[in-house]
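Student: Sequence:
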Amino acid sequence: MTKLSQNNTLVTCENLNVSFSTGKNSTQVLHDVSFEILSNEFVAVVGESGSGKSVMSKALMGLLPVENSIITASQLVINNKEVLHFSSGDWSRFRGSVISMIFQEPMSALNPTITCGKQVAEILKQHTDFNNAQIKDKVISLFQKVHLPQPESLYHKYPHEISGGQMQRVMIAMAVACNPILLIADEPTTALDVTVQKEIIKLLKDIQQEFNMSVLFISHDLSLVRSIADKVMVMYQGQIVEKGTVQSIFNEPKERYTKALLAARPDLNERVEVLPTISDFLDNNYSKKLVDAVQRERSLKTMYTQEPLIQIKDLKKVYEVKNGWFNKSNAFTAVNGVSFDIFPGESLGLVGESGCGKSTLGNIILGLKEATSGSVFYKGMQVVGQSQKSLRKMRRQMQIIFQDPFASLNPRLTVGSAILEPMNWYKIGSSKKERELMVKELLVKVGLKEEHYYRYPHEFSGGQRQRIGIARTIALRPEFIVCDESVSALDISVQAQVLNLLNTLKQEFGFSYLFISHDLAVVKHFCDRIVVMNKGEIEEIQESEQLYKNPQKAYTKKLIQAIPK
Numbered sequence: 339m340t341k342l343s344q345n346n347t348l349v350t351c352e353n354l355n356v357s358f359s360t361g362k363n364s365t366q367v368l369h370d371v372s373f374e375i376l377s378n379e380f381v382a383v384v385g386e387s388g389s390g391k392s393v394m395s396k397a398l399m400g401l402l403p404v405e406n407s408i409i410t411a412s413q414l415v416i417n418n419k420e421v422l423h424f425s426s427g428d429w430s431r432f433r434g435s436v437i438s439m440i441f442q443e444p445m446s447a448l449n450p451t452i453t454c455g456k457q458v459a460e461i462l463k464q465h466t467d468f469n470n471a472q473i474k475d476k477v478i479s480l481f482q483k484v485h486l487p488q489p490e491s492l493y494h495k496y497p498h499e500i501s502g503g504q505m506q507r508v509m510i511a512m513a514v515a516c517n518p519i520l521l522i523a524d525e526p527t528t529a530l531d532v533t534v535q536k537e538i539i540k541l542l543k544d545i546q547q548e549f550n551m552s553v554l555f556i557s558h559d560l561s562l563v564r565s566i567a568d569k570v571m572v573m574y575q576g577q578i579v580e581k582g583t584v585q586s587i588f589n590e591p592k593e594r595y596t597k598a599l600l601a602a603r604p605d606l607n608e609r610v611e612v613l614p615t616i617s618d619f620l621d622n623n624y625s626k627k628l629v630d631a632v633q634r635e636r637s638l639k640t641m642y643t644q645e646p647l648i649q650i651k652d653l654k655k656v657y658e659v660k661n662g663w664f665n666k667s668n669a670f671t672a673v674n675g676v677s678f679d680i681f682p683g684e685s686l687g688l689v690g691e692s693g694c695g696k697s698t699l700g701n702i703i704l705g706l707k708e709a710t711s712g713s714v715f716y717k718g719m720q721v722v723g724q725s726q727k728s729l730r731k732m733r734r735q736m737q738i739i740f741q742d743p744f745a746s747l748n749p750r751l752t753v754g755s756a757i758l759e760p761m762n763w764y765k766i767g768s769s770k771k772e773r774e775l776m777v778k779e780l781l782v783k784v785g786l787k788e789e790h791y792y793r794y795p796h797e798f799s800g801g802q803r804q805r806i807g808i809a810r811t812i813a814l815r816p817e818f819i820v821c822d823e824s825v826s827a828l829d830i831s832v833q834a835q836v837l838n839l840l841n842t843l844k845q846e847f848g849f850s851y852l853f854i855s856h857d858l859a860v861v862k863h864f865c866d867r868i869v870v871m872n873k874g875e876i877e878e879i880q881e882s883e884q885l886y887k888n889p890q891k892a893y894t895k896k897l898i899q900a901i902p903k
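Residue numbering for the sequence shown follows my numbering, starting at 339 and increasing by one per position.
Please note: incorrect hints may appear among the correct ones.
Stated by the list, open to error - Pairwise CB distance ranges, derived in the manner of DEER restraints:
id : residue 1 : residue 2 : range
1  : Asp-467   : Val-659   : 33 to 39 Å
2  : Ser-561   : Val-612   : 18 to 24 Å
3  : Asn-353   : Lys-783   : 39 to 45 Å
4  : Asn-449   : Val-659   : 40 to 46 Å
Source of the hints: derived by calculation from the structure; they are not laboratory data.
Every value quoted in this text rests on a predicted model; they were computed, and no experiment measured them.
Ideal Cβ positions, reconstructed from N, Cα and C, are used throughout, including at glycine.
Generate the whole structure from the sequences, applying the supplied hints.
Tutor: Structural data, given as structure tokens:
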């Protein structure tokens, strides 16, 4: 185990400035950031997407690109070592053993060509003297610690063979493998459902106490931050605008920006028409308006007298799981006899723990995966069993907003080209010039700028990338959209903006949504009805308000009780 700093201060950061150079120009993204992290302290960082949270954490890890990063600081000391001028060799010895990181996007951070077990084993090979058998035992033990199912089997699986939540847990196992004394957790519970999130946070807290490990915890979930952190730092436009204890930040915030962040979280106890955004709050441009319960009930009643847009009948998906070359295959049922309808103009929520079959169900509805049995009808037309040619025609009307916006965008295409590509395929617009104008108008509609047309995905924050994904989806003018964890990676303020945007687009274009999410507070705000899934089956379907007030099944009660208060 690495020796701790002799005094009580593990990290000292004074006047950290970071700029990125592009040719003759440079853009400063961090401005005189100063803070301390004490030994065995849990420090949370909150702020809007693009505020500098991840840049700050990557500066601490030595992960900013050397060729175009300009980093200065009065001090940048970790465990009594000045790391500002570390060589690449210094960093390779330091990372993993002294400081480690759980990244925000596990789909991008994990190597798709290496099994999950071997990726964690690589860390242990680099920093320990264990033999191969000891390393494998340690990896399986780590998988058990982070509550991964069937750890021996999962050791041999590739990232694409497991769920998003399971990938995040593999990342956590990798980060804590060598017992670092400083763990940077960049949105570590973003892809996790509330029950697993609770387990992972407890795990991080237990490891912190066991090894006197400090944690720098970056999160957009303010309720979660309030329940686990010792101190909170609030970042805005590359600066720390407020810092203090959890009690002082949440009970007596001084800065208007901090108050705005706290106001942007959907409230389980009331349903507002529009969530407050940061800019609205700062400009005194927000007036809370609650949804009229009587009017809402009347409109829902009218909605459910229509013919369904989507009908799912006794849908089943079974996977054959091979256990080595010569062993028998086992059957795994991901979706088991699922039936429900989605109506025109409805926002239907789909919730459940990671691996319960939510994303598989969404992909089958869109024809992206084949069903083992059962039916999916879109406007009375069968989706299951259709040829790829027929599905391509249908797919213009049935689109998806993906969970990981960065992984779903081609890094070699500009944003404009990425949105134009499906428009060209479906011949939307009469000419290339008209299509380009349409794309620029769409970028503005989703809260971006026309000049973003010419930029690449890596030049945007996570929230901005999700807006690009939304623009690409609505460019085809679909009727039905599957939102697969489409706001889970966004901080609280950007989440409010995107949810408001999706609701506005629904009103303008008449979209119907299947909204897949593990965030039950968001689902309650956004959705008309909620489907609760557990182990491939439907537990219950209820109108969203009633589901929270009067859940019928023990599983649903467990999900609701796990929401950070």
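Student: Now look at each hint and say whether the structure bears it out.
Tutor: These are the hints, each one checked on the structure:
no.	hint	verdict
1	Asp-467 x Val-659: 33 to 39 Å	35 Å, holds
2	Ser-561 x Val-612: 18 to 24 Å	20 Å, holds
3	Asn-353 x Lys-783: 39 to 45 Å	40 Å, holds
4	Asn-449 x Val-659: 40 to 46 Å	22 Å, violated
Hint 4 alone, counting from the list given before, is not met by this structure.
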